[in-house]
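S.K.: Position chain H against the provided structure of chain V, taking the given hints into account.
Number of protein chains: 2
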Amino acid sequence: MPKIYFTPGPSQLYFTVQEHLRRALREDIPSISHRSTKFQNIYAEAVDNISALLNLPSGYKILFTASATEAWERIIQNLVERESFHLVNGAFSARFHEISQQLGRTALSAEAAEGSVVEMSSLLIPESTELIAITHNETSTGARQPEKDVESIRKAFPNQLIALDVVSSVPDAEINYNHVDTAYFSVQKAFGLPAGLGVWIVNDRCIEKSAQLQESGTITGSYHSISAMLEKAVKNQTPETPNVLGIYLLGRVAGDMLEKGLDQIRRETAYKSAMLYHTYENHPRLRAFVTNPEQRSRTTTVAHVDSGSPELISYLSSRGFIVGSGYGKYKSDHIRIANFPTHSKEQIEMLADYLSAWKQ
Amino acid sequence: MPKIYFTPGPSQLYFTVQEHLRRALREDIPSISHRSTKFQNIYAEAVDNISALLNLPSGYKILFTASATEAWERIIQNLVERESFHLVNGAFSARFHEISQQLGRTALSAEAAEGSVVEMSSLLIPESTELIAITHNETSTGARQPEKDVESIRKAFPNQLIALDVVSSVPDAEINYNHVDTAYFSVQKAFGLPAGLGVWIVNDRCIEKSAQLQESGTITGSYHSISAMLEKAVKNQTPETPNVLGIYLLGRVAGDMLEKGLDQIRRETAYKSAMLYHTYENHPRLRAFVTNPEQRSRTTTVAHVDSGSPELISYLSSRGFIVGSGYGKYKSDHIRIANFPTHSKEQIEMLADYLSAWKQ
Chain V
1 MPKIYFTPGP SQLYFTVQEH LRRALREDIP SISHRSTKFQ NIYAEAVDNI SALLNLPSGY
61 KILFTASATE AWERIIQNLV ERESFHLVNG AFSARFHEIS QQLGRTALSA EAAEGSVVEM
121 SSLLIPESTE LIAITHNETS TGARQPEKDV ESIRKAFPNQ LIALDVVSSV PDAEINYNHV
181 DTAYFSVQKA FGLPAGLGVW IVNDRCIEKS AQLQESGTIT GSYHSISAML EKAVKNQTPE
241 TPNVLGIYLL GRVAGDMLEK GLDQIRRETA YKSAMLYHTY ENHPRLRAFV TNPEQRSRTT
301 TVAHVDSGSP ELISYLSSRG FIVGSGYGKY KSDHIRIANF PTHSKEQIEM LADYLSAWKQ
Chain H
1 MPKIYFTPGP SQLYFTVQEH LRRALREDIP SISHRSTKFQ NIYAEAVDNI SALLNLPSGY
61 KILFTASATE AWERIIQNLV ERESFHLVNG AFSARFHEIS QQLGRTALSA EAAEGSVVEM
121 SSLLIPESTE LIAITHNETS TGARQPEKDV ESIRKAFPNQ LIALDVVSSV PDAEINYNHV
181 DTAYFSVQKA FGLPAGLGVW IVNDRCIEKS AQLQESGTIT GSYHSISAML EKAVKNQTPE
241 TPNVLGIYLL GRVAGDMLEK GLDQIRRETA YKSAMLYHTY ENHPRLRAFV TNPEQRSRTT
301 TVAHVDSGSP ELISYLSSRG FIVGSGYGKY KSDHIRIANF PTHSKEQIEM LADYLSAWKQ
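First to last, the protein sequences are chains V and H.
So for the first sequence, our numbering puts the first residue at 1; every next one is plus one.
So for the second sequence, our numbering puts the first residue at 1; every next one is plus one.
Excised from the complex, chain V in its bound form (with noise of 0.2 Å):
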């Protein structure tokens, strides 16, 4: 039986991928040399693709990283000499918090119980810190902090330098970048491409600071400090051989979003995550794990399951309909459905009514 992948990512390829990755093997892309024209003119691409489609401001930077993970890590050497604030509600907003620990810093923080977000009336930030660190989608839990927070931030913490985590909400994210200095994705998410590769934004904020703390003498990091990627980035280049496939896939489907245009990805993406969500409160055993719908993630949906989850995940698994289990210690609990741009509006529908017909 053919499965369709609604899990939080890696999850389903775009649906244009393969064939991108049948022309990439008739054109040798995976052969050619990291140095090359060619390789120059698809990390253009890439970077071009991408700036448009998360309407970067001019200024703003594209790095590539392995991983959203190892931008956590870039970040904090680059960023931070001595202290990072953290707004923390979930496993994956922890996680930053932790490597900038791990990294020595002095990592401080805002809880908020997992499910909903740090509120803005109750944060305190010491004027002392270097950056703050805010995860859009908590992939964990499906807590979504609403944009407004971000420019509230900003506002008030103007010399701090502000790092986003859009990992899995681009490119549906409706992000005002110019009230954020640094942010991060994977391509496995939304992008629906193969895993292995990170997208790292940085403005010349972020450039000025990353100097400033090598002149220092702190050390920021060898072939992935700032300054030796940008040295490459101004020739489109990377330090390293980098996954050169993914850079190019990632390109061609960006291109792709881009000509499907971003109104309507977002449109259809509000559309198939209301179907979700009203299923979930429609359904006895089911309710969205986020209560509060203004911090409900569009594109991670996580629902309790009153009888537990496995269940339930076996049930869709045997129709087709892979969707993710729970996070952490939820894992029994919830399930969590991707709401990504290549999934269709026909594919959420029908999830929905098998969703809808379980055990009512």
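Hints were generated in silico from the structure; no laboratory data involved.
Here the structure is a predicted model, which means the values were calculated and not measured.
Honestly, I wouldn't trust all of these hints.
In the EDC-like style, the derived pairs of lysine to aspartate or glutamate whose C-alpha atoms are separated by at most 20 Å in a straight line are [claimed, not checked]: (1) V/K232 with V/D263; (2) H/K61 with H/E208; (3) H/K329 with V/E231; (4) H/K232 with V/E98; (5) H/K61 with H/D149; (6) V/K155 with V/E119; (7) V/K61 with V/E231; (8) H/K3 with V/D263; (9) H/K329 with H/E346; (10) H/K3 with V/E130; (11) V/K232 with H/E98; (12) V/K38 with V/E27; (13) V/K329 with H/E231; (14) V/K61 with V/D48; (15) V/K3 with V/E19; (16) V/K3 with H/D28; (17) V/K3 with H/D306; (18) H/K155 with H/E119; (19) V/K345 with V/D263.
M.R.: Leaving out everything else, chain H in the frame of chain V:
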């Protein structure tokens, strides 16, 4: 015209890769969870096949990085508190030396002219050194450190860790890994795979050293410290979402190589290598850049071209044979021709014929 890539990596894909890729897509490998049993089996297959292919002693662990460049950084972070020592004879061995400096360590070196290797008779390594870095195959020049030198260094420095760069020499390299504590390679060289994955081998002494450093307060990284990687590796997993497709393909290709037999691969490599060097030596305008035959790489052959290499590269390219230019300052003086397991005897014979016919 179909092209064959003899570039020293990225290079021609191993001839079974496209078939494995098709199967991976049919089996939804890019969509499966990196925490699933299916992924754990893929991980175990890759580790088992590489361990068998390289004949690793029991207890040696295989970890996955994004590149060999990343392995350089992780080795210094995890295994060197103060001082490393590097045998430097080209751009890549020099880069490892530089990374140690960038990470704030005292990086000592013994240098040899490009195209040669550091002679054991002249090697003075202080006892204070914690790690000795040797490059088996300096891919920029085609110089090969004789395998027996690794054993000599081990005997003379039993208390130091030995790191061996086997980036472009595995699986052909006849290394006794009992004399090596850590080794690393990337998959886009002799394994003929798309770039974006590194393999990092560590033994118990590395694991102990990294634990010591952590206990004494040295920062060994975050998600890719040896302890963080091992914690997941024992479950056949990685800390981050890795290049799942890359690990799958590596396991498959390593399996294909095991089936073919390493002895057969080595015999063919030796035969093809002898043919290439014979061609260089008998051509009025070519000569092997490495003058000492004992120090010539079998897998990355480098020739000096008297009249400059661009014309020859373009002559071969017009026949569908893509060879590498020289590295760095030798860009227009050298050709670099890879001799990897995917390059058949017939292909190398044809390439040798074209070389012989050129401007004789």
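S.K.: Each hint: holds or not?
M.R.: These are the hints, each one checked on the structure:
no., hint, result
1, V/K232 with V/D263, "violated (33 Å)"
2, H/K61 with H/E208, "holds (13 Å)"
3, H/K329 with V/E231, "holds (19 Å)"
4, H/K232 with V/E98, "holds (17 Å)"
5, H/K61 with H/D149, "violated (24 Å)"
6, V/K155 with V/E119, "holds (16 Å)"
7, V/K61 with V/E231, "holds (12 Å)"
8, H/K3 with V/D263, "violated (42 Å)"
9, H/K329 with H/E346, "violated (32 Å)"
10, H/K3 with V/E130, "violated (52 Å)"
11, V/K232 with H/E98, "holds (17 Å)"
12, V/K38 with V/E27, "holds (10 Å)"
13, V/K329 with H/E231, "holds (19 Å)"
14, V/K61 with V/D48, "holds (10 Å)"
15, V/K3 with V/E19, "holds (18 Å)"
16, V/K3 with H/D28, "holds (8 Å)"
17, V/K3 with H/D306, "violated (59 Å)"
18, H/K155 with H/E119, "holds (16 Å)"
19, V/K345 with V/D263, "holds (15 Å)"
When each numbered hint is compared with the structure, violations occur for hints 1, 5, 8, 9, 10, 17.
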